[in-house]
Amino acid sequence: MAAPQGAPAASRLLMSGNEAVARAVWESGARVATAYPGTPSTEMLETLAGYPDLYCEWSVNEKVSLEVAIGASMAGSRAFCAMKHVGVNVAADALMTLTLTGTVGGLVVAIADDVGLSSSQNEQDSRFWGRFAHLPILEAADSQEAYEMALYGFELSELFQCPVLLRMTTRVCHVRAVVAAGHRVDRPATGFVKDPARWVMVPGNAARRIPLMYERERRLREFSEDSPLNVLHPGTDRRVGFVASGPAWLHVREAFPASPVLKLGLSHPLALAKARRLAEMVERLVVIEETEPLIENELKAAGIDAHGKDILPRFGELAPATIRPAVLRLIGEAVPEPATEAHPVFPRPPTMCVACPHLGVYYTLSQLRNVIIAGDIGCYTLGAGHPWNALDSTICMGASMGMALGLDKGRAASDANKKVVAVIGDSTFLHMGMQGLADITWNRGNVTVLILDNRAVGMTGGQDNPATGRDIRGNPAPRIDFAKLVEALGVRRERIRVVDPYQLPVLFKALREETKIEEPSVIITNQPCVLIGDYEKLNPYRVIDEECTGCGNCFEVGCPAIHLTRREKVVKPSGKEVELMFARIETEACTGCGLCVQPCAPEAIVHLAPVIKPVVPIRPL
Amino acid sequence: MNDDKITNILVCGIGGQGVMTAADILAEAALRQGWDVKKTEVAGMAQRGGVVTSHVRFGRKVLSPQIGPGQADILLGFEIAEALRWANYVRRGGLAVVNTSRFVPPVVTGGLFEYPADPVRQMRRLGLEVHAFDAAATALALGDLRLGNTVMLGAIAEHLPFPADVLLECVIERFRKRKPKLVEANRRAFADGRAADALSAPAPAASQPV
Chain A
0 MAAPQGAPAA SRLLMSGNEA VARAVWESGA RVATAYPGTP STEMLETLAG
50 YPDLYCEWSV NEKVSLEVAI GASMAGSRAF CAMKHVGVNV AADALMTLTL
100 TGTVGGLVVA IADDVGLSSS QNEQDSRFWG RFAHLPILEA ADSQEAYEMA
150 LYGFELSELF QCPVLLRMTT RVCHVRAVVA AGHRVDRPAT GFVKDPARWV
200 MVPGNAARRI PLMYERERRL REFSEDSPLN VLHPGTDRRV GFVASGPAWL
250 HVREAFPASP VLKLGLSHPL ALAKARRLAE MVERLVVIEE TEPLIENELK
300 AAGIDAHGKD ILPRFGELAP ATIRPAVLRL IGEAVPEPAT EAHPVFPRPP
350 TMCVACPHLG VYYTLSQLRN VIIAGDIGCY TLGAGHPWNA LDSTICMGAS
400 MGMALGLDKG RAASDANKKV VAVIGDSTFL HMGMQGLADI TWNRGNVTVL
450 ILDNRAVGMT GGQDNPATGR DIRGNPAPRI DFAKLVEALG VRRERIRVVD
500 PYQLPVLFKA LREETKIEEP SVIITNQPCV LIGDYEKLNP YRVIDEECTG
550 CGNCFEVGCP AIHLTRREKV VKPSGKEVEL MFARIETEAC TGCGLCVQPC
600 APEAIVHLAP VIKPVVPIRP L
Chain B
0 MNDDKITNIL VCGIGGQGVM TAADILAEAA LRQGWDVKKT EVAGMAQRGG
50 VVTSHVRFGR KVLSPQIGPG QADILLGFEI AEALRWANYV RRGGLAVVNT
100 SRFVPPVVTG GLFEYPADPV RQMRRLGLEV HAFDAAATAL ALGDLRLGNT
150 VMLGAIAEHL PFPADVLLEC VIERFRKRKP KLVEANRRAF ADGRAADALS
200 APAPAASQPV
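Just so you know, the protein sequences line up as chains A and B, in that order. In terms of numbering that gives the first Met the number 0, the first sequence has 343 at position 344, counting the first letter as 1, and numbering is strictly consecutive. In terms of numbering that gives the first Met the number 0, the second sequence has 164 at position 165, counting the first letter as 1, and numbering is strictly consecutive.
Hints may be right or wrong, so weigh each one.
[As the list claims (entries may be wrong)] Using C-beta positions, here's what the derived DEER-type ranges look like: (1) Asp52/A / Lys60/B: 30 to 38 Å; (2) Arg368/A / Arg175/B: 53 to 61 Å; (3) Lys180/B / His182/A: 51 to 59 Å; (4) Trp198/A / Lys180/B: 51 to 59 Å; (5) Gln120/A / Tyr114/B: 29 to 37 Å; (6) Lys408/A / Leu111/B: 32 to 40 Å.
[Unchecked claim] These stretches of chain A come out as covered by chain B in the derived footprint (C-beta under 8 Å, 3 or more residues): (7) 168 to 182; (8) 551 to 562.
Bear in mind the hints are in silico, worked out from the structure with no lab data behind them. Cβ atoms here follow ideal geometry from the backbone N, Cα and C, with glycine treated the same way.
Here chain A stands alone, though its shape is the one from the complex:
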């Protein structure tokens, strides 16, 4: 990665969309930037933290993140907030009233939609928020546009005194392209001005702000018609014309270089007159947008005949290869032969890392019978997969808490013997899990909560959170103590245990005991993510070939360093046929965590060199 920080003005740099936005935010003179990590948005704040002269933070969640940005804007500073699409759901409470108060210092909210679900639980079109909250939306197509639009977003925000939504997609955030960057302009805060009629949104005040919001939207609509961000490219082939926004614009340009295109940069409010002019120029109009037919429906509502989702996929990413055949078919042209089909190859689902502390947790959970396990969002969601199959639900950040309580309170008579367990990571617990646990304790839920504290936001690349003791720039910071926190949330001290997840018998015993007792309990695992600096590698293990009996127990741990050498079918004295699986440990990958040693029946797994691992026993409070 070429380091964009500190690059001189006007350099031709390869930047991802996220890096380009970060550069623009820094240049804009923004003084406060906030985010909660989330693919594909994470690198915006990660990059910004490398720039000087502005305050950056990882916030505990997207709602707090936006609220910090709102406060900064209210104080007269330019402020920036980034989040992934599902983050907006969390921040929406703030957003939907922020549209009434408006802003002072320019406020840009960058929203990264994970079109195609590369690492998300759903696919949402965040452009709906512009309609819902009556706010302008800028849609970037590539890094240069992301850079320019982020900069321009602050101007627009200050012009209309409202937040501006910069809509990105995975294919903008994570594409590296050439960017010409500029200088930073210093922009001191203008100062807080007391104005309760504007900032105190009690019903009377809020009701008076609603007409102002609609008036702002009307002016924005006029503004959009004349905006140089909405460009009508006349083209030469009038058989079909396109309305396109975001990366779809580039795909259309590539697939149909001679066709007229209305390129929408300020895509909401819609530049309807320009669209009408295009419609009059061409035989057919096709709207190319990701992912919902928002522009398409607005055109149709205005009486403009348009195609869109009738010929294109309703979800997932668009590309020249999807657009071209669909449109050729529409205009009655021959569709070229598609490329050969892909050769079928086994799937390669993401796996947990070698020696991941979650392996111990999921191995143990997979050995328990009669449990219902409510899961959450993070690396540990992978516990739902092979070989553990030890997670029964995942919906959204923090949901494991409330869902576990609901599974307990709503249980059927046939589930009377089942134990309800919730599994949540450290950062997810602090993001949105705490309130759920308060609900469990307050309402006397019979739930055992596992907090997997690996001291990192693992899935997004190991960012810090309020329990790691470091801030976004790696400086020492106050550290939340989970044991104290859950006790304060109402879990009885006797029902709180801190366990080393590499000590399988200890973890197993703790889980068995806590699930038996019919009151809220919390087990906190205390070993760090193997990808962060806190993790310490130990001497690797190996399998003594002659002693491996093929029991296959070690495979149930699910460590990617354990490989199959051969299978063998044997008939037991009982007449039952079993398949033996013989194992080998990849020495270069093994970090000596010792998890696989514990279930190995013949004790065939030994250290390459003898090493004594410190034992962390159950720690009473």
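Following the hints, position chain B against chain A.
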């Protein structure tokens, strides 16, 4: 290279192999040649052992960042089954430079799926020119498996529309900045990758520039 010709390179492998770094270096080299460049990948959960592909496109003006099926001029495959998975993205007569070493995932180890038999032959049957060699062994012979992605860059160097030394310089500069101790090892890895590619061409002088 004519005016509007876009060179499309698809790099594929699995999380942790250095696919994205290799693609970054290719993009950087093309940028230095004065071209417009776009490079894209979907990484997301890839660092957990998932599939990683990176699309590198360069030319006078690059629009869409994505390479479609049948469009790649070169496939740089860091793992042989992954190369087979993406083989249909290569244009007719295109080239695949592939590492034959295998990364077998738990779903195969666990017996749920089979690893494809003879992926190189399957790729040749799809009409690709395949240069296959064990890049992991080449890297290990130099003492470090992590040199594998420089070996792969060396292997592709002769097939680019710019001199191999431009790519080498980008590799070296990257290490000079971050890990100066590894500069010489990477220089050797690049050279060995180049040599391995020359040896792995199916017939004498069969490797042609794209």
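Right, here's what the structure says about each hint:
1. Range check, Asp52/A to Lys60/B: Cβ separation about 35 Å, and the 30 to 38 Å hint holds.
2. For the hinted restraint 53 to 61 Å between Arg368/A and Arg175/B, the CB-CB distance of approximately 58 Å keeps it satisfied.
3. One distance hint, 51 to 59 Å for the beta-carbon pair Lys180/B and His182/A, is violated here, with the actual separation near 36 Å.
4. The given range of 51 to 59 Å is respected by Trp198/A and Lys180/B, whose C-beta atoms sit roughly 57 Å from each other.
5. One distance hint, 29 to 37 Å for the beta-carbon pair Gln120/A and Tyr114/B, holds here, with the actual separation near 30 Å.
6. Between Lys408/A and Leu111/B, the C-beta spacing of about 37 Å keeps the proposed range 32 to 40 Å intact.
7. Given as covered by chain B, the segment 168 to 182 of chain A passes the check, having 7 residues with a CB less than 8 Å from a CB of that chain where 3 are the minimum.
8. Counting residues of the segment 551 to 562 of chain A whose C-beta sits closer than 8 Å to any C-beta of chain B gives 5, which meets the bar of three, so the coverage hint holds.
In this structure, only the earlier hint numbered 3 is contradicted, and the remaining ones agree with it.
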